[in-house]
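For the protein sequence lines, the chains are A and B, in the order given.
Counting along the first sequence from 1, when you hit position 27 you're at 28 in the numbering used here, and nothing is skipped either side.
Counting along the second sequence from 1, when you hit position 42 you're at 43 in the numbering used here, and nothing is skipped either side.
Read the hints as simulated data drawn from the structure, not as lab findings.
Computed from a predicted model, the values in this text were never measured in an experiment.
Be a bit skeptical, because a hint or two may be false.
Which copy? The list can't say, so a pair holds if one copy fits it or any two copies do.
[To be verified] Using 30 Å as the maximum straight-line C-alpha spacing, the simulated DSSO-like pairs for lysine-lysine come out as follows: (1) 79 x 157; (2) 136 x 11; (3) 11 x 183; (4) 157 x 183.
Here are the chains, one letter per residue:
Protein chains: 2
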Amino acid sequence: MEGDTFQQWKNQCLNKCDFSKKGSVDEDISHIVSFINSHDRYFTTSSCSGRIILFDGVSDCPDVQKRNCSWLFVTHQKCQREDVVTGLEKSVGDATFKFEPFVLHVQCKQLGDAQLLHTVAINSGLRNSGITVGKKGKIIMAVRSTHCLEVPLSHKGNVLTTDQYLDFLVGVANQKMDENLKRIERFYECLQGALQPQEQRCSLKEEADKKPIYRRRRKRTQDEPVTDCCQSIEKHHENSEEEMNCDLLFLS
Amino acid sequence: MEGDTFQQWKNQCLNKCDFSKKGSVDEDISHIVSFINSHDRYFTTSSCSGRIILFDGVSDCPDVQKRNCSWLFVTHQKCQREDVVTGLEKSVGDATFKFEPFVLHVQCKQLGDAQLLHTVAINSGLRNSGITVGKKGKIIMAVRSTHCLEVPLSHKGNVLTTDQYLDFLVGVANQKMDENLKRIERFYECLQGALQPQEQRCSLKEEADKKPIYRRRRKRTQDEPVTDCCQSIEKHHENSEEEMNCDLLFLS
Numbered sequence: 002m003e004g005d006t007f008q009q010w011k012n013q014c015l016n017k018c019d020f021s022k023k024g025s026v027d028e029d030i031s032h033i034v035s036f037i038n039s040h041d042r043y044f045t046t047s048s049c050s051g052r053i054i055l056f057d058g059v060s061d062c063p064d065v066q067k068r069n070c071s072w073l074f075v076t077h078q079k080c081q082r083e084d085v086v087t088g089l090e091k092s093v094g095d096a097t098f099k100f101e102p103f104v105l106h107v108q109c110k111q112l113g114d115a116q117l118l119h120t121v122a123i124n125s126g127l128r129n130s131g132i133t134v135g136k137k138g139k140i141i142m143a144v145r146s147t148h149c150l151e152v153p154l155s156h157k158g159n160v161l162t163t164d165q166y167l168d169f170l171v172g173v174a175n176q177k178m179d180e181n182l183k184r185i186e187r188f189y190e191c192l193q194g195a196l197q198p199q200e201q202r203c204s205l206k207e208e209a210d211k212k213p214i215y216r217r218r219r220k221r222t223q224d225e226p227v228t229d230c231c232q233s234i235e236k237h238h239e240n241s242e243e244e245m246n247c248d249l250l251f252l253s
Numbered sequence: 002m003e004g005d006t007f008q009q010w011k012n013q014c015l016n017k018c019d020f021s022k023k024g025s026v027d028e029d030i031s032h033i034v035s036f037i038n039s040h041d042r043y044f045t046t047s048s049c050s051g052r053i054i055l056f057d058g059v060s061d062c063p064d065v066q067k068r069n070c071s072w073l074f075v076t077h078q079k080c081q082r083e084d085v086v087t088g089l090e091k092s093v094g095d096a097t098f099k100f101e102p103f104v105l106h107v108q109c110k111q112l113g114d115a116q117l118l119h120t121v122a123i124n125s126g127l128r129n130s131g132i133t134v135g136k137k138g139k140i141i142m143a144v145r146s147t148h149c150l151e152v153p154l155s156h157k158g159n160v161l162t163t164d165q166y167l168d169f170l171v172g173v174a175n176q177k178m179d180e181n182l183k184r185i186e187r188f189y190e191c192l193q194g195a196l197q198p199q200e201q202r203c204s205l206k207e208e209a210d211k212k213p214i215y216r217r218r219r220k221r222t223q224d225e226p227v228t229d230c231c232q233s234i235e236k237h238h239e240n241s242e243e244e245m246n247c248d249l250l251f252l253s
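Can you build the whole structure from these sequences, using the hints too?
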């Protein structure tokens, strides 16, 4: 990857308008986005700190299509039962309540940079993370978590759950939002441990004395209630993460 | 990647015992697993055709830990309300109903092989697919879909939903299973278009006349009801897939 080409892509991306409805980076991850964009080998292309949403889909339409849905409620924070009840009053189709966790897409200069970021993500419990390599040489690391909620609540506008259930559901979603924030912070800590801020790297380079810092990855914790009912799938998760259990070596 | 090393890994993997509870490849994807393993540049390391599960978690424990859960019901086919009701009778904690789609992990000889497989996966609607590169050079392409269900149903053993809701929920889950099977077939068709079966390649090599087949990727369809509330995240999906819209060129 030519240094100039990557820098050009980075400049184009960071200078263009944010076309999302929100138009700005979510507050809970702005420190992560800034940190990554300050590093010359990475830049963020999209992000979401996590959200709780209620949307109305077309009844009896198994393919959830963007054009067929209307949004009833959305928040990047915790929610209350009243938010869901109010949203459901506007439902005319099949309303679905969802919790979607933190997601981040980062373009990387080289594959080794993507691998490092991938290790950080897996180490932080963001186990659905993965790398994509485009035909023009664009390398994207997608940071993705596994924990979510997707709960159908109404059919043809008729709400099929009780207020008691909605209370409970909102509590579960808010717990997931709490866990989501913990993973965001864990990711940020691991990221800081793996990448030096740009300013520090410049000043440190001037120092005559450089010593290596050798840091081991934290042992990952299990976060899914999966039993081995399918071909080696749980063994795969364990083996693949041992494979990627590389020591992060960098110079201070 | 040394040819011998990759072949050794492949032999070790395909010859070892399947340690999953089920002990065999799921029927609905056995053709895909066989097809991939017949190709000398790939082999599967884990797989699941998709499943509907009901498991009991520890109440008020936001971190769903494998050791804290017990399985109440699991199927790789469609289910009936009675399955869920019977399972819930055994719940003493917080029971959760989940639909998990098709997932497949494939080890690839080289990055280009992983890219090709990734293109096939994205083209088939399996949008959470991604590549991981381990420190020993192991390249894994994880085929993952986005559609799912995760529905809490009971708290401390008390079921919080009605039979009518369970009827509806089971219907939604079964629709997702239908959609899942369609994506599996789409993936298999795209895979066949991208990779020649091993036997055909050997015999074709002997032919004097080789002509290129140039095939364009199908335009992807949207499958998620997401609105642009976060920084460029929807734009990212569109752009990244245009980037990866490489033409599949192979010799017949």
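**Request:** List in ascending order the numbers of the hints, as given earlier, that are violated by the structure.
**Result:** none
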